[in-house]
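2 protein chains.
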Amino acid sequence: MTEAPTRRGRGGGGAARRAERTAVRIECAKTISRNIPNLEILNEEALEIIEYNAETVLEEVGVNFVENPTALERWKNAGADVSGERVRIPRGLARELCKTAPSSFTQHARNPERNVEIGGKNMVLAPVYGPPFVRDAAGGRRYATMEDFRKFVKLAYMSKWLHHSGGTVCEPTDVPVNKRHLDMLLAHMTLSDKPYMGSVTAPERAQDSIEMSEILFGKEFVQQNTVMTSLININSPMQYDDVMMGAMEVFAANNQASIISPFIVGGAMAPVSVAGTLTQVLAEVLAGVAYSQLVRKGAPVVAGTFVSSIDMNSGAPTFGTPEAAHVTYGAGQLFRRLGLPYRSAGSFNGSKLPDAQAAYESANSLNMGLLSGVNFMLHAAGWLEGGLVASFEKFVMDADQLGTLHHLAKGIEVDENAQAMDAIREVGPGGHYLGCAHTQSNFKTAFWRSDLLDYKPFETWEEEGARDTEALATARVQKLLTDYQQPGIDPGIAEGLRDYVETKKASMPDAFG
Amino acid sequence: MTEAPTRRGRGGGGAARRAERTAVRIECAKTISRNIPNLEILNEEALEIIEYNAETVLEEVGVNFVENPTALERWKNAGADVSGERVRIPRGLARELCKTAPSSFTQHARNPERNVEIGGKNMVLAPVYGPPFVRDAAGGRRYATMEDFRKFVKLAYMSKWLHHSGGTVCEPTDVPVNKRHLDMLLAHMTLSDKPYMGSVTAPERAQDSIEMSEILFGKEFVQQNTVMTSLININSPMQYDDVMMGAMEVFAANNQASIISPFIVGGAMAPVSVAGTLTQVLAEVLAGVAYSQLVRKGAPVVAGTFVSSIDMNSGAPTFGTPEAAHVTYGAGQLFRRLGLPYRSAGSFNGSKLPDAQAAYESANSLNMGLLSGVNFMLHAAGWLEGGLVASFEKFVMDADQLGTLHHLAKGIEVDENAQAMDAIREVGPGGHYLGCAHTQSNFKTAFWRSDLLDYKPFETWEEEGARDTEALATARVQKLLTDYQQPGIDPGIAEGLRDYVETKKASMPDAFG
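Sequence lines, in order, name chains A and B.
Quick note: the first sequence uses full-length UniProt numbering, first residue 1, plus one each step.
Quick note: the second sequence uses full-length UniProt numbering, first residue 1, plus one each step.
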């Protein structure tokens, strides 16, 4: 099965198949390429204090690698002080080990036009990850199913501004927990041609992700190239569990990328102060990335941070807050100094509905993500209710707003056309620019335009039913799902993937919970 | 009347009056003081190109001062080339004249605790300005009245994060157009103790603003201090009408501040390109500020930009867009190089409702305003439907979000307490920070907390009626208006103000439209 023809169509395929492929061509931005600076809110002194403290934490406090004797052995051999499951890392060692991780890497998609470069001045946008619930206006809040999952994959595929198909866009709770990853991977691989993430919920599921990717891309291609970027959470504070680390080991050994990401609710999993949180985050990422390089030197990794604040009245995590922004800006600076690609931010919010709260908090976080130098933004669309819910309407709202980030990132052109001196001379005081030559030749590309939001005159808007953003989004979800056409895929590969999934599923009893 | 006792209570007043004053003490942030850098998106070369081009525009194309022979005379005397109403300003002259404008100034409030410093690293936040309509959930969209106006003044007074009472928070359309300014000023002066703006719709109304301020502060105090910051729009492109300039002349002559602000819908009143718009904006501000200094050297001024994009399909202005952000960032850099305080941004959006669109667009604009170095943000709360509507719910939503800007601006502390090394040592791998000593002693001030948004568990939220942000905001508007207590004012001053308004109103026939 893994000997199936590599990359779409290379193994042959007739004109019909090629026609099918071209029929479903959709427009998609390549990536966000920043032509604007990052906001650097920590000065050199602050950066050095935090870096020094993080090394102190690694050396004095250390980190736990839980139920993972191989990891402890690797650390011991590398020169760390291992005692029980506690690994204390001498000052400078983790930083030194991190140096073999690439500062940027290409994640390949089955459609090479959708390959993404993760690192440098780029930002790659991927959908929400992990919610057990979905919500839409018609059906309200309910447990997510595999059918919901497929819809989100289609919506991400149809989005001009999402570069990546993501991973667990919602938890398909109607599929046994030990088999979900197979259906999810199959959906990403066949319903979209954008890059995707692998399964991390068990080492053997990571292995399945590799094997399915080998069917899709060819075995040799997978060994020589990165085709998955997967999310490895650290159990903050400073604990690396065997499940997540086991998955990471599989991915690293196969040259596949991992996002090594502390998961922080400030005040609970990290100190209540921003500088303290940054210290812990840096220590955790240093140890995690260093460990990936002990597994395989040069394995691609992304330094991550997931951070929310906490409402000290209720204990609820809060999103789109200034303190989360501080951590995100600061972590960007620290990770750039390490020369690592950076994952953070997203369409974060704590609202139950895709309303104004959801939008304020999400916009705060999305803008902050752009300006903090994030290279991979998971959760860029669809997040609701603190990540418990993937919302269909919110998904297309966020996806639309991601267009503003693309345009902001372009920066300001100052070539002769952009200077527009002829236009200013032509129009003169008291005139207007609507009809002038410069406007005529530039207006089509001059301004970002929403594909969703309402720009109509009040009277028209009222006649059409006085719809709010959620209602507009409901209509857009329906339109996109109606317009959706599956991107062409070599039938032999598709069959190989289905066979693999069926065979695997048949080999295991169902497990739930 | 203008000989009335100066500043609150100085002319006497008993214990009862003093007790009344202290009873209504409300919490209000002094100002936003930035401890984070601005985002500088233009490089030196781009800045120099735009600066050079702006001077070329002033020299070759020039600006019109309409129906204002005094202005033309002043320009001629200053060395400009005046032909008809066209003023062509030799390269460097306007820039030179701008040098006498202060880089920062204090605007005094009748309560000295509410004085604001406009310039430097500060940002002062003021409410929406100008909408002819209001909206709330109960009453929908309707023409604004003086009663609505008073409610907005009260809401701004009650806000912790609005530093300024603003000006025409809505157009009180039930009051004759030639008398509105009197009622509006009376409301600002008596219902709030925050600083306010003067009337600019006619030179004589500017004069009334001065005279009423003299009653409130004392004549001498007004001549020696700035007690108003008023909005003077330029009719872009490059036209300075006699009404606005006439008002500006009155304010400058009396040492009162003007915001000199091009009003731009990109592609209509300025070139469709960002660099072209910045060139025109800089030329317009240079000429306007220079002119203020010809009226009175050292008169306080603020360099403004109001910019929106245009939807080239419908011609509608659009808000919270990336191109508007580019102009706002760029103008901030250009004006800082001129050493002038900067006005821009606001809670801009084009939505008809206080929904997700309104919030996305507003958040985009508010965040951008903070990071572009704005010193005076008009329209910081309440803006809806492209500025046609002042929304009560949106007002309290925005006012709440302004808290995030305050906290973001604080930057990251790195003192020993913030470093939290003891906490990290105390908690260790696998622990949690909720109960640790550092969290206990810091949690109250660690995180910004919304006074409006929903942080409740899903079940509680559902039991309480599954309210969206607008519904929460409706309740908050009602609560604030119920809790409102008028800040104490010397009864003699209050009476003097009422007398002035009555006498003025009686002296004029009503005028509408």
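Among the hints, a few may not be true.
Identical copies go unnamed one by one, so any copy, or any two together, can satisfy a pair.
[Claimed, not checked] The calculated lysine to aspartate or glutamate pairs, modelled on EDC-like cross-linking and capped at a C-alpha distance of 20 Å, are:
#: 1; residue 1: Lys410; residue 2: Glu45
#: 2; residue 1: Lys410; residue 2: Glu463
#: 3; residue 1: Lys121; residue 2: Glu40
#: 4; residue 1: Lys505; residue 2: Glu495
#: 5; residue 1: Lys504; residue 2: Glu85
Honestly, the hints are just simulated from the structure, not real lab data.
Intra/inter-copy verdict for Lys410 and Glu45 if alpha-carbon distance must be at most 20 Å: Answer is between: at 17 Å across copies they meet the 20 Å cutoff, but 31 Å inside does not.
Alpha-carbon proximity context of Lys504 and Glu85, limit 20 Å: Intra 34 Å, inter 83 Å, cutoff 20 Å: neither.
Same-copy or cross-copy closeness of Lys121 to Glu40 [CA-CA at most 20 Å]: both (15 Å within a copy, 16 Å between copies)
Intra- versus inter-copy proximity for Glu463 and Lys410 (alpha-carbon distance at most 20 Å): neither (37 Å within a copy, 46 Å between copies)
Are the CA atoms of Lys505 and Glu495 at most 20 Å apart within a copy, between copies, both, or neither? within (15 Å within a copy, 85 Å between copies)
Hint violations for this structure: numbers 2 and 5, all remaining hints satisfied.
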